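Visitor: Here is how the chains run, residue by residue.
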Amino acid sequence: MADMVVATDLARRYGDGDTATLALRSATFGIGLGEYLAIIGRSGSGKSTLLNLLGLLDRPTDGRLELLGERVDHLDDRRRAAMRNRHIGFIFQFHHLLPEFSVRENLLMPARIAGHRADGSIDSWADELLVLLGLELLAAKPADKLSGGQKQRVAIGRALMNRPELVLADEPTGNLDSESAAAVNGLFRRVHQETGTAFVIVTHDPGVAESADRIIEVRDGTIARDTAAAA
Amino acid sequence: MLPFQIARRFLWRAKLQSVLIILGIGVGIGTQVFVGSLIASLQASLIDTTVGTSAHVTLEPAVDGERIAYTDDIVSRLANDDAIVAIAPQQRVSVLAVSDGGSDPLIVRVADAEARNGIYGLDERIVEGAADPGDAEIVIGLDYAEEAGLALGSEIRLVDDSGEEVRAAVSGIFDLGVAAVNMGTAFASPELLDLPMDAFDVVEIQVADVFTSDMVAARLADMEGITTVDWQEQNRELLTGLQSQSVSSIMIQVFVVIAVGLGIASTLAIAAVQKTRQIGILKALGLSDRRSGAVFLWQAALLGVMGTALGLAVGWGLIAGFDAAAAGSEALFPVEVDPAFAATSAAIGLGIALLSALIPYRSTSRLDPIEVIQNG
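Top to bottom, those sequences are chains A and B.
Residue 208 in the numbering used here is what sits at position 25 of the first sequence, and the numbering runs on without skipping anything.
Residue 523 in the numbering used here is what sits at position 44 of the second sequence, and the numbering runs on without skipping anything.
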């Protein structure tokens with residue numbers, strides 16, 4: 184499997200001098216196209232830092248990061264924003280939908296940011312996603328009127344809107360009850376199979392982690408275990 | 480135009496807040512338009528009352544007893560000066576006016592209709608009869624008419640310094656708004672006093688901006704055989720009063736603008752803070768710093784345009800209300816809106832709104848989406 188993401192000696196340090204904290208050190212790994220990967224670790228272990236670096240929300244202080252063959256660790260803010268929009272989908276623990284917009288408008292937002300006008304192909308893809316996620320009857324509903332599980336499904340749809348190669352999910356089931364969490368996890372697998380999009384899921388949930396094809400464990404800012412690498 | 484659509488949705492979502500902000504801008508701009516127009520009209524009224532019906536610059540013969548030859552050169556110089564709005568070459572004759580009511584000194588001004596109206600606006604200030612006297616007629620002031628018990632058709636004998644006497648019938652009564660002028664001034668035709676109109680005792684001039692009379696007088700001072708006198712030189716205390724009023728007017732307007740500006744800036748800053756989370760999410764999804772900031776510029780523009788439009792309506796309404804009250808009261812003066820002033824006020828309102836948006840624009844550029852995402 185070709186590596187879509189290549190991280191080499193990736194590090195993130197906060198602060199300078201005596202007060203400096205190394206949140207991530209010498210992380211070297213690759214993520215292949217269409218992989219389904221879980222990142223686990225205790226709180227403060229550095230897994231969210233890693234996810235932020237992979238999502239181009241943050242810059243590494245050392246090391247090198249490539250996405251789809253392009254070096255991205257030194258890109259300026261504008262280019263990083265464009266790369267995020269085109270190639271990466273985000274699913275956050277707190278959903279982070281825009282309450283001013285409807286379900287459908289939230290779904291379409293990444294496409295609008297990319298400059299796509301609402302036309303046939305964008306609309307039909309949004310409709311497909313609504314059906315895939317079981318949201319077709321809620322399309323016109325304001326996003327803040329949904330339940331937690333429904334919001335997370337909208338967030339999944341939004342992450343897939345621009346057909347990204349990589350979806351990053353940060354504790355996607357952290358705020359859901361066990362039934363909703365299982366449903367969302369099942370949905371992830373189904374979407375992964377149907378779209379071929381690579382998923383990287385940061386999770387504390389053993390059920391979610393066990394369902395992944397590969398597990399990376401982060402401990403004290405280092406990659407302590409990479410089951411795919413070990414396999 | 481995604482930033483515009485997001486801005487519009489943000490405002491629509493917080494309807495009450497948006498309405499309050501628009502009201503705030505509207506009341507501020509409305510106050511600015513009303514107060515500015517009120518003060519400008521008050522000053523215009525004061526100027527009109529005090530120097531509106533008198534000469535701002537007077538050309539007099541350099542030598543006492545001589546007269547001003549109204550040559551083509553002088554006519555051309557005066558006609559080509561853009562600051563001059565009215566020219567009244569005239570004869571001034573001191574007479575004793577004798578009537579059944581007694582004897583009173585009068586200065587009879589002899590000028591053509593254009594000159595009379597240019598300086599004194601006589602046509603508009605006639606309260607009885609007509610402004611244009613015939614060969615044996617005279618137009619007198621309201622106070623003199625009341626003092627001497629004269630009415631239209633009453634006869635007056637005019638006796639000059641040499642004792643020569645002519646008779647004239649009252650054909651018009653004017654009110655120039657100043658009792659001393661109404662009491663001591665009259666207007667007559669050249670034929671009444673048998674005066675030649677090729678040279679004049681005095682040439683009275685009005686300028687567009689009364690405070691520039693000194694500059695106009697200085698420009699005309701080089702004309703041969705003529706001295707210039709400007710009203711500011713002769714009315715120092717009045718000038719100080721009017722200038723103080725101008726300064727206080729500007730200060731009041733500046734403070735109103737500052738108050739409006741602070742109001743707009745603070746409300747927009749609060750609105751921006753409230754939308755920090757949404758902007759962070761949009762940035763995480765790939766919205767650039769520039770487009771994120773543009774959301775607040777559009778918000779400010781929308782609020783500014785609507786608030787300013789409301790402000791102009793509020794200002795117009797207040798002025799209309801004031802004018803309605805003024806119509807029934809002699810103590811009040813009509814307020815007029817200067818379109819340029821209203822446009823300037825609107826531009827200031829919109830400009831302040833856009834400038835105020837620069838604060839959230841900058842803070843949005845610095846906003847790190849990670850802070851928003853991790854803090855929920």
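Hints were generated in silico from the structure; no laboratory data involved.
Treat the numbers as computed from the prediction; the structure is a model and nothing was measured.
Virtual Cβ for every residue (Gly too), placed ideally from N, Cα, C.
Possibly wrong hints are sitting among the right ones.
[To be verified] Derived Cβ-Cβ restraints for the label pairs, each shown as a range:
| # | chain 1 | residue 1 | chain 2 | residue 2 | range |
| --- | --- | --- | --- | --- | --- |
| 1 | A | ASP199 | B | VAL784 | 42 to 50 Å |
| 2 | B | ALA493 | A | LEU320 | 36 to 44 Å |
| 3 | B | ILE749 | A | ARG247 | 36 to 44 Å |
| 4 | A | ASP199 | B | GLN853 | 20 to 28 Å |
[As the list claims (entries may be wrong)] Chain A stretches covered by chain B per the calculated footprint, using a threshold of three residues with CB under 8 Å from any CB of chain B:
| # | stretch |
| --- | --- |
| 5 | 230-243 |
| 6 | 250-264 |
| 7 | 287-299 |
Visitor: Does each hint hold? Answer for all of them.
Guide: Hints and how they fare:
1. At about 47 Å, the beta-carbon gap between ASP199 of chain A and VAL784 of chain B stays in the expected band of 42 to 50 Å.
2. In this structure the supplied range 36 to 44 Å is violated for ALA493 of chain B paired with LEU320 of chain A, their Cβ-Cβ distance being about 28 Å.
3. Between ILE749 of chain B and ARG247 of chain A, the C-beta spacing of about 43 Å keeps the proposed range 36 to 44 Å intact.
4. At roughly 22 Å, the beta carbons of ASP199 of chain A and GLN853 of chain B sit within the given window of 20 to 28 Å.
5. With 5 residues having a beta carbon nearer than 8 Å to a beta carbon of chain B, the stretch 230-243 of chain A meets the requirement of three or more and the stated coverage holds.
6. Coverage of a stretch by a chain is defined here by at least three residues with a beta carbon nearer than 8 Å to that chain's beta carbons; for the stretch 250-264 of chain A and chain B the count is 3, and the condition holds.
7. Only residues whose C-beta sits within less than 8 Å of a C-beta in chain B count toward coverage, and the stretch 287-299 of chain A has 5 of them, enough to reach three; the restraint holds.
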